[in-house]
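Heads up: the sequence lines are chains A and B, in that order. What the first sequence shows, in this note's numbering, is residues 1337 to 1725, in sequence order. What the second sequence shows, in this note's numbering, is residues 244 to 325, in sequence order.
Check each hint, because a few of them may be wrong.
[Claimed, not checked] Pairs of lysine to aspartate or glutamate, EDC-like flavour, derived with a Cα cap of 16 Å: (1) B/LYS295 to A/GLU1554; (2) A/LYS1588 to A/ASP1642; (3) A/LYS1504 to B/ASP282; (4) B/LYS295 to A/ASP1642; (5) B/LYS314 to B/GLU304; (6) B/LYS314 to B/ASP247; (7) A/LYS1520 to A/GLU1350; (8) B/LYS251 to B/ASP282; (9) A/LYS1574 to A/ASP1612.
[Unchecked claim] Taking CB as the label site, the calculated pair distances span: (10) A/ALA1632 to B/SER283: 17 to 23 Å; (11) A/LEU1507 to B/MET244: 36 to 42 Å; (12) B/VAL258 to A/GLY1601: 18 to 24 Å; (13) B/THR268 to A/HIS1700: 46 to 52 Å; (14) A/THR1353 to B/LYS314: 42 to 48 Å; (15) B/LYS314 to A/PHE1584: 34 to 40 Å; (16) A/ALA1680 to B/SER283: 41 to 47 Å; (17) A/ASP1471 to B/ASP248: 28 to 34 Å; (18) A/VAL1681 to B/MET244: 28 to 34 Å; (19) A/GLU1723 to B/GLU270: 38 to 44 Å.
FYI, nobody ran anything at the bench for these hints, they're computed from the structure. Glycine is no exception: its CB is placed at the ideal position from the N, C-alpha and C atoms.
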Amino acid sequence: MGVFRMPSLGADMEAGTLVEWLVQPGDHVNRGDVVAVVETQKGAIEIEIFEEGEVARLDASLGQKLPVGAPLALIRGAGEEAPAEAPAPAPQPEKAAAPAPAAPAAAAAPAAAPAEGVIPASPAARHEAREREIDLATLTGTGPGGAIVLADLDRARPRPAPQVADRKQMLAEMRKAIAAAMSKSKREIPHYYLFHRIDLQAATDWLNAANESRPPEERLLMGALLLKATARAAAISKAVNGHYTDGFAASKEVHAGFAVALRGGGLIAPAIRDTDKLSLDEVMAAMRDVIARARAGRLRSSEMTDGTITVSSLGENGVDAMGGIIYPPQVALVTFGTPRQEPAVVDGQVVPRTTITISLAADHRASDGRLGAKFLTEIETLLQDPEAL
Amino acid sequence: MTPDDIRKAFIEELVNIAPDIDPDTLEGDEHLQDDLELDSMDILNLVAAIHKRLGVSIAEEDYPQIETPDKAAAYLTQRLGG
Chain A
1337 MGVFRMPSLG ADMEAGTLVE WLVQPGDHVN RGDVVAVVET QKGAIEIEIF
1387 EEGEVARLDA SLGQKLPVGA PLALIRGAGE EAPAEAPAPA PQPEKAAAPA
1437 PAAPAAAAAP AAAPAEGVIP ASPAARHEAR EREIDLATLT GTGPGGAIVL
1487 ADLDRARPRP APQVADRKQM LAEMRKAIAA AMSKSKREIP HYYLFHRIDL
1537 QAATDWLNAA NESRPPEERL LMGALLLKAT ARAAAISKAV NGHYTDGFAA
1587 SKEVHAGFAV ALRGGGLIAP AIRDTDKLSL DEVMAAMRDV IARARAGRLR
1637 SSEMTDGTIT VSSLGENGVD AMGGIIYPPQ VALVTFGTPR QEPAVVDGQV
1687 VPRTTITISL AADHRASDGR LGAKFLTEIE TLLQDPEAL
Chain B
244 MTPDDIRKAF IEELVNIAPD IDPDTLEGDE HLQDDLELDS MDILNLVAAI
294 HKRLGVSIAE EDYPQIETPD KAAAYLTQRL GG
């Protein structure tokens, strides 16, 4: 029997408020299923489960603020006995008459079908729909088994923008969370910093040519090239990619956290899994997706914790470099300044070239300046051949 | 479509991208990036939404022509032959 607990969604989280259950006792859950929504200082986060089994019991109720580690539910693994208070197991499905040769083990029995006429919905969504007088029959569910969840209500009938006071309070909470994480980082991580100005002309020319023939919805942003190049370089320079907890553990995979500025202030850096292995179009699609969900407050718990390195683009704000603060337990933060035209010497001639400054903040417990320098020059090399990204 | 309809459509799509913008207090000369703080992804999403809604594909080199609601309304009106 496994206990599903309130996860820690970052160095800055102490507690979360349970706002929605997406499963109920008797439901089968698989690794990676979203089972609950928890409100944190960084907005509502969809919580995934990392074991497989059947929900035996829910131990937390909606609206409860619970510390990290508090039990949320009891999960019964395959072959385990039901706890006393669990409902009787569903009847075995009848065996097929003809035995299929080498059939895989029967898939888990689907959750009991809802009674006829009852629209599947999470209890919170059902309650909210009553409050807001929304007919569940008019909605399409996107939860487990097509159940209607809170997000479906908001999609069907967007809420009015939050009141200014709420928004201010939310931003103040997020600022507190950022301050706590950054103070911890500055206290514990011996940072070193490197800055490197590189030629971005090849990447700029390639991007302009690629976008010229693409409709707007298929265009790429320079940010996608920068993220991909950084992820590929991180796969080579292993000492900047991973987590430091009890010593440094390099990560085999590169899940680049991508810093997203929230409108009105605040910052969140959801991880894009296996960034180094995605095509540029896939990186672009992933960026578009996480930005939209970060702003709507629908990120998943794994996206909050899986990041192995963080990349931040200062965009068109007009500054060149930033001495950033590492997001623990990660060990490196890469920042790109504003691309700009500068005089450069090419073949003995002074010519205008698009350049960009890359900044690295890295953890001396995991690497030193020599390795950091190799990492930045690897990013530079990759960006000189954008087509191969 | 009248120029007014075009302007209204542009502002609706702008507010979809940045829901905290109040269309009633939005000034025609506010700059999308400098004043309204849209980033490059917001601009791209806005251009894609306009492409879908009005059928006008705005090339990247034309982005300066939509940098304020006034400029965008004039540019889109001209592109739509208004």
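Tested hints:
1. Restraint check for B/LYS295 and A/GLU1554: satisfied, since their Cα atoms lie roughly 12 Å apart, inside the 16 Å limit.
2. Restraint check: the Cα-Cα separation between A/LYS1588 and A/ASP1642 comes to about 12 Å, which is no more than 16 Å; the hinted pair holds.
3. Annotation: proposed proximity of A/LYS1504 to B/ASP282 is violated, straight-line Cα distance about 21 Å (limit 16 Å).
4. For the proposed pair B/LYS295 and A/ASP1642, the alpha carbon gap of about 35 Å is over 16 Å, so the pair is violated.
5. For the hint linking B/LYS314 to B/GLU304, the alpha-carbon distance of about 15 Å falls within 16 Å, and the restraint holds.
6. Between B/LYS314 and B/ASP247 the CA atoms are separated by roughly 13 Å; this keeps the pair inside 16 Å, and the hint holds.
7. About 14 Å separates the Cα atoms of A/LYS1520 and A/GLU1350, which keeps this hinted pair within 16 Å; it holds.
8. Between the alpha carbons of B/LYS251 and B/ASP282 the distance comes to roughly 22 Å, so the proposed pair goes past 16 Å and is violated.
9. With a CA separation close to 13 Å, the supplied pair A/LYS1574 and A/ASP1612 stays within the 16 Å bound.
10. At about 19 Å, the beta-carbon gap between A/ALA1632 and B/SER283 stays in the expected band of 17 to 23 Å.
11. At about 38 Å, the beta-carbon gap between A/LEU1507 and B/MET244 stays in the expected band of 36 to 42 Å.
12. The beta-carbon spacing between B/VAL258 and A/GLY1601, approximately 19 Å, falls within the hinted interval of 18 to 24 Å.
13. With their beta carbons about 50 Å apart, B/THR268 and A/HIS1700 fall inside the hinted range of 46 to 52 Å.
14. Separated by about 44 Å at the C-beta atoms, A/THR1353 and B/LYS314 satisfy the suggested range of 42 to 48 Å.
15. For B/LYS314 and A/PHE1584, the Cβ-Cβ distance of about 52 Å falls outside the hinted range of 34 to 40 Å, so the restraint is violated.
16. Between A/ALA1680 and B/SER283 the C-beta distance comes to about 24 Å, which lies outside the given range of 41 to 47 Å.
17. The hinted range of 28 to 34 Å is satisfied by A/ASP1471 and B/ASP248, whose Cβ atoms lie roughly 32 Å apart.
18. Under the hint 28 to 34 Å, the C-beta atoms of A/VAL1681 and B/MET244, about 52 Å apart, miss the expected range.
19. The supplied range of 38 to 44 Å is met by A/GLU1723 and B/GLU270, whose beta-carbon atoms lie about 43 Å from each other.
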